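Chemist: Quick note, the sequences are listed as chains U and F, same order.
Under this note's numbering, the residues of the first sequence are numbered 76 to 270, in order.
Under this note's numbering, the residues of the second sequence are numbered 2 to 275, in order.
Hint data in this document are derived by calculation from the structure and do not stem from the laboratory.
On a predicted model such as this, the values are computed, not experimentally measured, just so you know.
C-beta atoms are modelled at their ideal positions from N, C-alpha and C, and glycine is treated no differently.
Check before you lean on any hint, since a few could be wrong.
[Said to hold, decoys possible] Partner residues aside, some chain U positions facing chain F, computed with beta carbon under 8 Å:
{"no.": "1", "residue": "Ser90"}
{"no.": "2", "residue": "Asn93"}
{"no.": "3", "residue": "Ala100"}
{"no.": "4", "residue": "Val121"}
{"no.": "5", "residue": "Pro188"}
{"no.": "6", "residue": "Cys201"}
{"no.": "7", "residue": "Pro202"}
{"no.": "8", "residue": "Arg205"}
{"no.": "9", "residue": "Asn208"}
{"no.": "10", "residue": "Asn211"}
{"no.": "11", "residue": "Tyr213"}
{"no.": "12", "residue": "Val215"}
{"no.": "13", "residue": "Tyr233"}
{"no.": "14", "residue": "Arg235"}
[To be verified] To spell it out: a stretch of chain F is covered by chain U in this simulated footprint if at least three of its residues, at any positions, have a beta carbon under 8 Å from a beta carbon of chain U; those stretches are:
{"no.": "15", "segment": "167 to 178"}
{"no.": "16", "segment": "191 to 200"}
The chain contents come next:
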Amino acid sequence: MGLAIIDYGMGNIKSVYNAFRYLGAEPTVVKKPSDLRADKIVIPGVGAFGDGVKNLTPFIPKIKKAINSEVPVLGICLGLHMFFEGSEESPGARGMKVIQGRVVKIRTRLRLPHIGWNSIKIKKRCPLFRGLNGENMYFVHSYHALLKEDVIAATTSYGREITAAVWKDNVYGTQFHPEKSGGAGLKVLDNFLEL
Amino acid sequence: MFCKRIIPCLDCDLAVPRGRVVKGIEFKQIKYAGVSWKLAKKYYEDGADEIVFLDITASHERRGTMVEVIERTSEDVFVPLTVGGGISTIEDARRVFNAGADKVTINTAAIKNPQLVNKLAKYFGSQACVVAIDAKRRYITSLNEAKGKTVVRTPEGSCWYECSIYGGRRFTGLDAIKWAEEVERRGAGEILLTSMDRDGTTDGYDIQLTKVVSEKVKLPVIASGGCGELEHIYEVFKKTKVTAALAASIFHYKIFRIGDVKKYLAGKGITVRI
Numbered sequence: 076m077g078l079a080i081i082d083y084g085m086g087n088i089k090s091v092y093n094a095f096r097y098l099g100a101e102p103t104v105v106k107k108p109s110d111l112r113a114d115k116i117v118i119p120g121v122g123a124f125g126d127g128v129k130n131l132t133p134f135i136p137k138i139k140k141a142i143n144s145e146v147p148v149l150g151i152c153l154g155l156h157m158f159f160e161g162s163e164e165s166p167g168a169r170g171m172k173v174i175q176g177r178v179v180k181i182r183t184r185l186r187l188p189h190i191g192w193n194s195i196k197i198k199k200r201c202p203l204f205r206g207l208n209g210e211n212m213y214f215v216h217s218y219h220a221l222l223k224e225d226v227i228a229a230t231t232s233y234g235r236e237i238t239a240a241v242w243k244d245n246v247y248g249t250q251f252h253p254e255k256s257g258g259a260g261l262k263v264l265d266n267f268l269e270l
Numbered sequence: 002m003f004c005k006r007i008i009p010c011l012d013c014d015l016a017v018p019r020g021r022v023v024k025g026i027e028f029k030q031i032k033y034a035g036v037s038w039k040l041a042k043k044y045y046e047d048g049a050d051e052i053v054f055l056d057i058t059a060s061h062e063r064r065g066t067m068v069e070v071i072e073r074t075s076e077d078v079f080v081p082l083t084v085g086g087g088i089s090t091i092e093d094a095r096r097v098f099n100a101g102a103d104k105v106t107i108n109t110a111a112i113k114n115p116q117l118v119n120k121l122a123k124y125f126g127s128q129a130c131v132v133a134i135d136a137k138r139r140y141i142t143s144l145n146e147a148k149g150k151t152v153v154r155t156p157e158g159s160c161w162y163e164c165s166i167y168g169g170r171r172f173t174g175l176d177a178i179k180w181a182e183e184v185e186r187r188g189a190g191e192i193l194l195t196s197m198d199r200d201g202t203t204d205g206y207d208i209q210l211t212k213v214v215s216e217k218v219k220l221p222v223i224a225s226g227g228c229g230e231l232e233h234i235y236e237v238f239k240k241t242k243v244t245a246a247l248a249a250s251i252f253h254y255k256i257f258r259i260g261d262v263k264k265y266l267a268g269k270g271i272t273v274r275i
């Protein structure tokens, strides 16, 4: 089995599915943890952290097992947030804790949510950004990750520096939505397929 | 750098085959501009930052048609898609989200049932809930005429702004500026602000309206109604705090391409995605 997109009831799975299809992949949308067998996993998602982890909980043991067996895992937006242990958005809710740090509200004087296109600054030679160099990506969020380990792959600027992407071994996360970021976003997804 | 967004709007008449895009003049006369998903694809390729689909038929029998339009579009268009017109319940919203939409925009339903804004924000997140406000100038000769309303001075005289519903066919007595503040409190994620005085006229955005609303609320505001020249887009970004500008006819009738608009704006120092 190839690429699995986890459908845990949070937001628009269809766009992510369509983007991978467009790139020639044949993703499987997985709704039950028992169906999750893949050599690549995508955790999309829009919505609140608390609802997200609550819905994702049945999948978490399998996702962690996949991470330990070096399966590339890509978390998008809320999917990225859930790599961390917790979020100010939903105090008390526990994330996957595969990356050290916390998700906090963006402390900026600018308008929130941060909705729109913003250029990314690449901080690490992450395979996801092969062929890219500071392109604009589409962001929609009010929270972002503050890391306790050096795995920030890209940042963006919105009144302050914001975590735009993380990369730790085979775990990848984007705060922006590559499936909604035009050609540059498709390139990120294509790079994930190439891993 | 954070970019200003350029958003083409497709007013879709789903009563005709394949959801043709139409453009009204001040919400009344209608011309046909093309098949909706083909136009959407072209705008995407031209550099649209987002695409808005408004169902101007808004009759319940046609709801399935918008689903098809969005499904077809989302197969090969990878920017945010926003759908409005005829969405009045959580179920209506869920249907278009499942088809591939990212946001819904509501006007009539929000005014008739303001709780819907809270509900959409709760179920799908604020980012998915855009409130559209269609505002019409009501000129006054004395402040007594506008008790309790937010009065705005314009070059044409002082006025307050009244919200209209049903695509401009009915007026509500509701103060558009106060309504904008209310929907922000209720959890809306963006405001799509249309000047009914300017819509379809090519006279430029209503700068006074747009300025006041974008300063009163902290939400992203999308300016709409009246764009006929490149300068109009520059002017609305320069003089108000909006983060996006919406236009329909200048793109439909190929007066300007989205790429040209962006090049022009970039040349004037406005940050856009090219």
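Chemist: Compare the structure with each hint and give your call.
Modeler: Here's how the hints hold up against the structure:
The interface hint given for U/Ser90 is met, as the beta carbon of that residue sits about 6 Å from the closest beta carbon of chain F, less than 8 Å. Checking U/Asn93 against chain F: minimum C-beta separation of about 5 Å stays under 8 Å; hint holds. With a least beta-carbon distance of about 14 Å to chain F, the hint placing U/Ala100 at the interface is violated under the 8 Å criterion. Because the closest C-beta pair between U/Val121 and chain F is about 6 Å apart, less than 8 Å, the hint holds.
Using the Cβ-Cβ criterion of 8 Å, the hint placing U/Pro188 at the interface with chain F is satisfied: the shortest such distance is roughly 5 Å. A hinted interface residue such as U/Cys201 counts as satisfied when its beta carbon comes closer than 8 Å to some beta carbon of chain F; here the least separation is about 21 Å, so the hint is violated. The closest approach between the C-beta of U/Pro202 and any C-beta of chain F is roughly 21 Å, which is over the 8 Å cut-off, so the hint fails. With a cut of 8 Å, the hint placing U/Arg205 at the interface with chain F is violated, because the nearest CB-to-CB distance is about 19 Å.
For U/Asn208, the interface hint is violated, since its Cβ never comes within 8 Å of a Cβ in chain F; the closest pair sits about 14 Å apart. Because the closest C-beta pair between U/Asn211 and chain F is about 4 Å apart, less than 8 Å, the hint holds. For the restraint placing U/Tyr213 at the interface with chain F, the shortest Cβ-Cβ distance is roughly 6 Å, inside the 8 Å limit, so the hint holds. Taken as an interface hint, U/Val215 checks out: its beta carbon lies about 4 Å from the nearest beta carbon of chain F, inside 8 Å.
The interface hint given for U/Tyr233 holds, since its Cβ lies 6 Å from the closest Cβ of chain F, which is under the 8 Å cut-off. A hinted interface residue such as U/Arg235 counts as satisfied when its beta carbon comes closer than 8 Å to some beta carbon of chain F; here the least separation is about 12 Å, so the hint is violated. Coverage of a stretch by a chain is defined here by at least three residues with a beta carbon nearer than 8 Å to that chain's beta carbons; for the segment 167 to 178 of chain F and chain U the count is 0, and the condition is violated. By the rule of at least three residues with a Cβ nearer than 8 Å to a Cβ of chain U, the coverage given for the segment 191 to 200 of chain F is violated, with 1 such residues.
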